[in-house]
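S.K.: The residues making up each chain are set out below.
Number of protein chains: 2
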Amino acid sequence: MSSLKSIAADIGVSHVLVSRVLNNRMGTTRVSEKTREAILRRAQELDYQPNPLALALKQGRRGVIGLFVHGVGAPGSDLNVDFILSATQKASDMRMNLWLQFFEHDDEFISACNSKLLRKIDGLIVAGISHPQLTKKLNEMESQGLPVVSACHKDPEVRDFVNFQVDATAQCYLTTAHLIEIGCRRIAHFNVGASWPFRQQGYEKAHLEMGLLVDKRLIFPSKNYNAKAGYESMALLVESGETFDGLVAQSDAQAVGALHYLLERGWPRERWPKITGVDNSPIAQFYSPVPLTSVTAEMATCARLALGALEQKFKREPVESHLVPPQLVIRQSTVP
Amino acid sequence: MSSLKSIAADIGVSHVLVSRVLNNRMGTTRVSEKTREAILRRAQELDYQPNPLALALKQGRRGVIGLFVHGVGAPGSDLNVDFILSATQKASDMRMNLWLQFFEHDDEFISACNSKLLRKIDGLIVAGISHPQLTKKLNEMESQGLPVVSACHKDPEVRDFVNFQVDATAQCYLTTAHLIEIGCRRIAHFNVGASWPFRQQGYEKAHLEMGLLVDKRLIFPSKNYNAKAGYESMALLVESGETFDGLVAQSDAQAVGALHYLLERGWPRERWPKITGVDNSPIAQFYSPVPLTSVTAEMATCARLALGALEQKFKREPVESHLVPPQLVIRQSTVP
DNA sequence: CTGAAAGCGCTTACAG
DNA sequence: CTGAAAGCGCTTACAG
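Quick mapping for you: the protein sequence lines, in order, are chains E and W.
Each residue of the first sequence is one higher than the one before, starting from -1 at the first, in the working numbering.
Each residue of the second sequence is one higher than the one before, starting from -1 at the first, in the working numbering.
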C-alpha cells in the first residue's frame, strides 16, 4: 500500500513535502527541482492514490453522496437501471461513494430524510417523483447545509431544487410529429392522469405546428404506464368506433399492450396503426414481430447532470436546472 | 455533529473513556457506574454514531465493498434492479458503502480487477456470469488478500468461489411439474444453449419423477432470453407440426414472444398451450390479457447472502456456497 | 524561505 | 487500576 509516508521514506523527505508537491500546493514552501521530480516519479511508479478516507476525514466530508431513488418508468423499462448505472460511473469519477436507497412509498422517503442523514452524506440526489411534503422536508435539509439536487419528473415551472429531467413535452412532440410526417392523419393518444399533462401537450403541439387539428375523441385515458393499461385503452379506442391510423402511447409497455389487443382481435395487419411508445426500453427494442418506435428517457444523462450539479454545489458554484432533450428512435412499428 | 469529543466534554471525561464505554471494551479500565450511565445517556440523547470514516481509517479498512455486476436476465426483467436494491440495503446494515460497477464485456470486467482495486475496497462481490479467465483473475485477487464472493449463474459443481445463485434446475422443475399437475401431457421446451443445461434438466427431471417420457421433438433451441427469440422458437414449434398443450420457456420474455406468435397467427384461444416463464419479471405480472405463471429468480436473496458471506469472511468465519430455492408464482396463463 | 506540529474522529497498546 | 500518548493517512496554519 503506497502512502505519502512510504513515498517520503523512499525519497528521503518528509511526507508533508510529498503532499505539497503532489497537490501542487506549495504555499510558501520551496523544493529543489530534483527532489520535486523524484517525488513525482516515485508517485507515478507506485500509482499513488491518496486514501479517500483520510482525505475526506481531514476535509470534514463524508465522501458519500446519497442517492434516493423512487422508482420511475413502467416496471421492466430499465429506466432505474440506466439511472443508477450512470450515477455510479459519475460518482466514481468524482471519487465519491454512493449511498443508494430505494423507496416505494413517500413516507419511507420522507422518514429517511432525518438528521442522521446529515451525518452520513455530503449531498443528496433525489430521483423519481416529486411530492409537496417531500419537498418541504428537503428544503429543511438544505437549509441545514445539505446540498440537494433532484432528478424528478415534475412541472418544470415549479422551482424548488435544481432539477434535471427529460423534456416530457418534447417526447410526445417528437413521436407525434414523426407519425404526421409519415402520413398519419388520425392519431390516437393515451393519456395518463391530468396531473402530468406534459406528454399530451407535446402531442397537441405537434398537431398545431404541423397544421392538424387535435381530435379530442381520439384521446383516451390510461390507468398507468403498464401493458395492461395500454390493452384496456386500446379496447376503449376500438369500441369507440373512431377511425385511427396512428397511436402515440405514453410508454412502450402501453404501446405493446395496445398492439396486443389488436393481435388478439385479429386486426388485419394492413390496417394496423403506426404506433410509438416512450422510454426506448427493452420491450420496444425486442418486441416481436414489430420492434417499436420510441423516444429516449435520458435517465443516464439526468443522473450525470445531477451528480455534476452536486459537484458544483460543493464548490459553491451556481447551478441551473435543465430539461434534457429526448431522441427519437425509429423502428419497424412506424415504417410506412 | 456529535463526536466522542463532544460527549466527553459534556460529561467532563476524556474521549478515550467515552470510546471504551460505548464499545464496551473497557480492557483494564474502570469507570464508576454513574459516569458510565451518564455517558450512555448522553450518547443516546445525541443519537451518537461513530464516524465511519474515522473508524475505517483506524482499522485499516476502506469501508467499501466492490459490487461488480455483469447484467443478467432478459433486458427489462428487473433482475439487476432487484439484486442491487437488496445489496444496497444489506450494505447499509453492514455500515459499508458500495462501489458499484457495471460491465458489458468480460474484458472490462477483467481489466477492472487490477491492483488499484485492492486499495479501494475491503471485499468484492461479482455478480452475473462466470468466465474462466475472470475466475483466474479473481483467484489472483483473493490470494492477495481480497475476499471475493460471487453471485453468478454457473455450474454448481464447479467450486471456485463461495457462490450464491438460484437453483436453476428447480426453476424449470417447478414450472414443468406444475404443468403436468394441471393436466398437460405434451409440454414443449425452449432451450438456450448447451452450456447452460440446468433449466432443461429441471424440465426433464419433472417428467421423469412424474412418470412421463421426455419427447425430444418438443425441445427447441432459442437464441437467447428475449421476446424475439421466444417468438422465433414458437414459429419453429408450430411449423414442426408437433402437438403440444404446454410450454416451459426459459424466461418470461421468451414466453411472451411465444404467446405473441400464437396471437398473431390467430391461434384459437381454447387451443392455447399453458405457458410458463422464468424470472417472475414485470412482463409476467403485467402481461395482457394473460398474466404469466413464472418462477422467481431470487436475486434479492442472493445479494443478501453474498454480502452476508463477505461479512463472515471479514471475520474469518467459514462460509459455504448455497443454491437458493425458487418459488412458483401461478397466474392466469396456466389456469386450467 | 523552511520544517515540525496540530488536527480530522476514532481505538488500543503501553507507560505510570 | 488509571490516564495520556501514539497512530490510521492526510492537509494546512503557524511558528522559527
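To be clear, the hints were calculated from the coordinates, so they are not data collected in a lab.
Some hints could be false.
One copy or any two copies: either way a pair holds, since identical chains are not told apart in the list.
With a straight-line Cα cutoff of 27 Å, these simulated BS3-like cross-link-like pairs (lysine-lysine) come out [stated by the list, open to error]:
1. Lys3 / Lys114
2. Lys32 / Lys221
3. Lys214 / Lys311
4. Lys114 / Lys221
5. Lys118 / Lys313
S.K.: For every hint, state whether the structure bears it out.
M.R.: A quick look at each hint next to the structure:
1. Lys3 / Lys114: Result: close only across copies, 18 Å inter versus 35 Å intra.
2. Lys32 / Lys221: This pair counts as neither: shortest intra-copy Cα distance 72 Å, inter-copy 62 Å.
3. Lys214 / Lys311: neither (45 Å within a copy, 63 Å between copies)
4. Lys114 / Lys221: neither (38 Å within a copy, 50 Å between copies)
5. Lys118 / Lys313: Both: 19 Å inside a chain and 25 Å across chains, each within 27 Å.
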